[in-house]
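Undergrad: What follows is the residue order along each chain.
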Amino acid sequence: MPIKTWELDPNFKNEIMSEAGGERLASCFQCSTCTLGCPITEFVPGYNPRKIIQMSLLGMREEVLSNPDLWVCLICQTCTARCPQDVRIADVLGALRRIAEREEEAGNLKIDSPRPLFDKAFQHQLKKFGRLYDMGLAMEYYPKKEGSFIKGMLAMMKDYKDFGMRMFLKGKMGPLGGGSPVKGMLASKIKQKDVMKKIFEELGEEGKEK
Amino acid sequence: MSVDKLAYYPGCPSEATAIEQHMSTEAVFEKLGVELVEVEDWNCCGAAEVEDPRVVYALNARNLAIAEKEDLDIVTPCSICYYNLERSNRALKADEALRTKLKGIDSSLDYNGTIKTKHVLDVFVNDIGLDEISSKLEKKVNVKVAPYYGCYIGRPPETAFDDPDNPVLMDKLIELIGGEIVPNFNYMKTVCCGGPLMMTRGDIAFDMARKILDVAKNAGADCISLACPLCGMMLDGKQADIEKALDVTIGMPVVYITQLLGLALGIEPNKLGLNKNAVDTKEILGKVV
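As they're listed, the protein sequences go chains A and B.
Count the first sequence with the working numbering and you get residues 322 to 531, in order.
Count the second sequence with the working numbering and you get residues 556 to 844, in order.
In short, the hints are calculated from the structure, not lab data.
Note that the structure is predicted; figures quoted are calculated from it, not measured.
Every residue gets a Cβ at the ideal spot worked out from N, C-alpha and C, and that includes glycine.
Don't take every hint at face value.
Here are the simulated lysine-lysine pairs, BS3-like style, with alpha carbons at most 25 Å apart [what the hints assert, rightly or not]:
#1 A/Lys479 to B/Lys766
#2 A/Lys482 to B/Lys799
#3 B/Lys648 to A/Lys519
#4 B/Lys658 to A/Lys449
#5 A/Lys512 to A/Lys448
#6 B/Lys658 to A/Lys514
#7 A/Lys519 to B/Lys658
#8 B/Lys656 to A/Lys514
#9 B/Lys624 to A/Lys448
#10 A/Lys519 to B/Lys624
#11 B/Lys658 to A/Lys448
#12 A/Lys510 to B/Lys658
#13 B/Lys624 to A/Lys518
#14 A/Lys491 to B/Lys837
#15 A/Lys518 to B/Lys656
#16 A/Lys512 to B/Lys658
#17 A/Lys512 to B/Lys656
#18 A/Lys449 to A/Lys465
#19 B/Lys656 to A/Lys449
#20 A/Lys466 to B/Lys799
#21 B/Lys799 to A/Lys491
#22 A/Lys519 to B/Lys656
Far from chain A, by Cβ distances over 10 Å, these chain B residues were calculated [said to hold, decoys possible]:
#23 Asp559
#24 Leu587
#25 Glu625
#26 Arg645
#27 Leu685
#28 Ser689
#29 Lys727
#30 Leu731
#31 Gly733
#32 Pro738
#33 Asn773
#34 Gly821
#35 Glu838
#36 Lys842
Put together the whole structure using the sequences plus the hints.
TA: Here it is as structure tokens:
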């Protein structure tokens, strides 16, 4: 892919470096240690965090933000641990994902991954209850991922029917879980739920929209 | 012994998929004579799904502040919770402006940076110590173990408490209780289990988890030992789904290190939740003498 220099965004690197986690981007000297140690490269052909970093530095904003590979990073921190320049690659990719999510919300980009929907559903659970509620998370995520409630429930059944039954029989989820029939079915809620709401509203993406 | 009381942060899976890790952690600390005081009304650490570090710091400022009021260091059995608590603790200790900002959002986030955050493995080996644990052992756990550490024990460098490539804390405990570390598993010790992609790229997650299970099986392990509930969900909870989806037979028991340690301390298997692991653990129980 030839680089069209007139389409580069020279400010992109600054945009990333001003995002929490992206600060160390410019230290990269392209040694590829991140990519050589990355466990995902074995399963996703062509996956290359080194290249994402260099494209970011060059200012290939659109190509970087629409790259589906941003969404298969495991955040396992192997790249960060091995980087000789302390670029904090896992955190840089996190910063890129957040910029991409904002661009999608602004209608400038279509993200080819359900991961933003999952992360948001998780954060909603946390904001509502203060703790993760597995069933609530799945009930929110699957319909959004599949585009309708019915399709979502069918996909959820397909993925989680066996697992759910297994967890139920072991007393980990459902009416046998959580120590009582009621507790096992419902979300575990903290008392200070209002604090969770404040945190997400002041510091989360919602805070930025204000 | 340098520690007799700690604040305990169980983490969300302790109430559901990793209840056996929670049960065994409480039982083991009780047997070791260390009192755990659960962080009152604790909230989720943000896991891997809250990507904005500032939100993670705020969420954990509340947890840290609650423990600080009791003047206790925090211990957690979950590697992801540990990573989030520890990086928040470091950021908050270093940045007074951040502490002031968070205090302004809510008084419950008023944390002064006076406590430490620890993973259970670190506490067992480095605080309580192998000699102290050794003096309390009642049984020999004669099993061949593939010790699987996952991501956040040796990475990233500033929060790590063991070697990034060849961590050893779990190995030391296993050898102490009479177990054997299988050869040829070392290179898989810290390769991610795929858990973070379970809900969005289940295909990759299954392949990654299968590889760990296969290597452990080929190495002749009786079981895999763990220190993280997400690894537990992938390798144990989902193992039957992996077998079905990839048309393979694995049948590898997966237990938390606290469960193995508990057996050696003579604790009743059901009190350690060994009837709650998805893959049957009876064969392991037969090797406790």
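Undergrad: If you test the structure against every hint from before, which numbers come out violated?
TA: Of the numbered hints given earlier, the structure breaks none, since each of them holds.
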